[in-house]
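Asks: For reference, the chains in residue letters:
2 protein chains.
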Amino acid sequence: MSGGMNFEKVEIDEKNYIRVPANKLKSFVKDIFVNLGVDEKGANITADVLVDADLKGIESHGVQRLKRYVDGLKNGVVNPRPNIKVESSLPSALLVDGDFGLGQIAGHFSMNLAIERAKKYGSCVVLVKNSNHFGIAGYYAEMAAKNDMIGIAMTNARPLVAPTGSVEKLLGTNPIAFAAPYRENMCFLLDMATSIVTSGKMEVYRRKGKNLPAEWAINSEGEFVYTPEEALRGALLPLGGLYEITGGHKGYGLAMMVEILSGILSGANFAWKVGNTQGPEKANVGHFFIAINPEVFMPLEEFKKRMEELIERIKKSKKHPKFKKIWFHGERSQLTRETRLRIGVPIYKKVYEEIKAIGRELGLNGL
Amino acid sequence: MSGGMNFEKVEIDEKNYIRVPANKLKSFVKDIFVNLGVDEKGANITADVLVDADLKGIESHGVQRLKRYVDGLKNGVVNPRPNIKVESSLPSALLVDGDFGLGQIAGHFSMNLAIERAKKYGSCVVLVKNSNHFGIAGYYAEMAAKNDMIGIAMTNARPLVAPTGSVEKLLGTNPIAFAAPYRENMCFLLDMATSIVTSGKMEVYRRKGKNLPAEWAINSEGEFVYTPEEALRGALLPLGGLYEITGGHKGYGLAMMVEILSGILSGANFAWKVGNTQGPEKANVGHFFIAINPEVFMPLEEFKKRMEELIERIKKSKKHPKFKKIWFHGERSQLTRETRLRIGVPIYKKVYEEIKAIGRELGLNGL
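Chain order of the listed sequences is A and B. If you read the first sequence in this note's numbering, its first letter stands for residue 1, the second for the next number, and so on. If you read the second sequence in this note's numbering, its first letter stands for residue 1, the second for the next number, and so on.
No wet-lab data here; the hints were simulated from the structure. Predicted, not measured: the structure shown is a model, and the values here were computed from it. Where is the CB? At the ideal position from N, CA and C, for every residue including glycine.
Simulated restraints on C-beta separations:
| no. | chain 1 | residue 1 | chain 2 | residue 2 | range |
| --- | --- | --- | --- | --- | --- |
| 1 | B | LYS318 | A | LYS41 | 42 to 48 angstroms |
| 2 | A | PHE323 | B | TYR226 | 17 to 23 angstroms |
| 3 | B | GLU312 | A | ASP99 | 29 to 35 angstroms |
| 4 | B | TYR226 | A | GLU229 | 31 to 37 angstroms |
| 5 | B | LYS319 | A | PHE323 | 36 to 42 angstroms |
| 6 | B | ARG207 | A | SER88 | 50 to 56 angstroms |
| 7 | B | GLU308 | A | GLU244 | 21 to 27 angstroms |
| 8 | B | GLU308 | A | ASN83 | 28 to 34 angstroms |
| 9 | B | GLU312 | A | LYS41 | 39 to 45 angstroms |
| 10 | A | GLU244 | B | GLU312 | 20 to 26 angstroms |
| 11 | A | GLU229 | B | LYS318 | 18 to 24 angstroms |
| 12 | B | GLU308 | A | LYS67 | 33 to 39 angstroms |
| 13 | A | LYS208 | B | PHE7 | 46 to 52 angstroms |
Computed cross-link-like contacts, DMTMM-like style, restricted to lysine to aspartate or glutamate with a CA-CA straight-line distance of at most 20 angstroms:
| no. | chain 1 | residue 1 | chain 2 | residue 2 |
| --- | --- | --- | --- | --- |
| 14 | A | LYS324 | B | GLU221 |
| 15 | B | LYS316 | A | GLU168 |
| 16 | B | LYS282 | B | ASP99 |
| 17 | B | LYS322 | A | GLU215 |
In isolation and in its complexed conformation, chain A is listed as follows (with noise of 0.2 angstroms):
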């Protein structure tokens, strides 16, 4: 699939997008970001975030959010120049204060101790508080895997989740990251929200004037809705679905243990208590990051070479009749990124004019 041949895990229907060069849409990005009194440093950080989730194709998790963070920025609630630092230590464990500034930086920030904390002590886990919404939990995986670490990233969020037996919206649908490395420019990565779907996909059905085609939201009296508008009223459902039968208290329980993780013992606001990132009361998003060094276990190439074992078997194994191929967590996505580096990143027409306009109001003409 690699090596020139296109390939997207989303159909893009190109006549309502627009197609734009990452460069050119990141710097655009970036260029914002510097207007409105970010350093160059988290400008840069915070524009790749958002773009990478384009160039992965996850839409949901990419420049259409920009208007979020400038909002929050411009409504003060978002702090510009956090003085991000860390606020208790021991070797391998550390709490992090984001200062209310973006969550890319305070993630990008975190992640990065993690994996220098791992290389000297074999794990390192890092917990933000005081942050805010910080775009794909993969990014800060793959960062990980990059350093050829494993890496988990973990996130609190607005709730929008019911727990199992409930109608109420009190978790957040607190996804959870995983990556390892494995090819050179393609690692293993898992980056799932622990809800059956999240907000995201329910606003591209919106888009698109869809019905939802599964049980994935109830309303306030515990009945499934399918449309998204009545979706986004009501409450997302946990992974497995709204019974114990079909393991819907699994789900609702690890958007605990994300909650756990990142909100409670971070001293962030946590579950029905985390804002939005455009306001207007201060989000306070936790964050949990953790990285641990293969070297530790066995050489590097020994762990690349198990996981090209796992990966291939599975790959080739005997395909059920309804599937035209068997995927590992993150190949479409990096395959997606692929093709897009060099044909450019489809912005659906709407959301390039809306951020055109942010440009513009801050006199940047760069896209």
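Starting from the known structure of chain A, fit chain B onto it as the hints suggest.
Replies: Chain B alone, transformed into the frame defined by chain A:
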């Protein structure tokens, strides 16, 4: 619920069960292991893990499994006197060689090591290779919580689960257990297979002569099967089910994460290579443990207070009309344990006869 009232998470049909005092059961199981050459301490740990599963209402992982361990010890694939040692280490990441002993012995040793190191360094990862089935993953996570630590335990297992898009059994039910300190004698304790259900559940349905109530398994052609016999011959489905639309790729991804952390990284057998504890080949199971010291981040009492607030709010939220009560993870199993410590552990009559026979053969009449 606590303090005298009887609660059991599974309804017990008393005429098919015999209640045995927990201590009597544990001492009988311990004597069997000692008789098979296991040292006093290791036998005690293993008996405790097995009986704890029955106490918690996880019958599939309780003394019902005793025969498999006994067979493994008799066949010589399980080493009764393992020389468990740390093979390589940095301060917060260690590799333990389980020397093909009982998984419970290696697991107990390794989680203790993780706890000890986490006290000093803040967090610690311990991996185990050359091990066997270690019982319930939750036992080890709970060890951490009892020591005022946050704990995670994972293990790979013999292949029973089909990756998304495949009809082949290539991954284990690869459990994730997560525990956090909460109240006295009650922790938050998630203990979940990354498949919708375990094979143990299938065995319970078979015994009761009941069909499966949901799409838990497929046959080698990829068709859903609804009898436990077909399910046990076929492949279990990952949490989220067969299709991506219900999140099946997420359960597959979590199973891969567990496989990579406990199987690939430890140097143990992985995925389809993992053997059975009763032989004929050495199982060479791999485990993953981590302990995190909450006091790096905040005083323990503050952490527990925040846990209390999270859990109480969820438990008191508006109930879904199809549910009787909202639970947190580990609540039912710990209440069941409290009850059974008072009124005895229910053992299914056939299982009771089987383990009695195992004892009799070794000259033990303690049951």
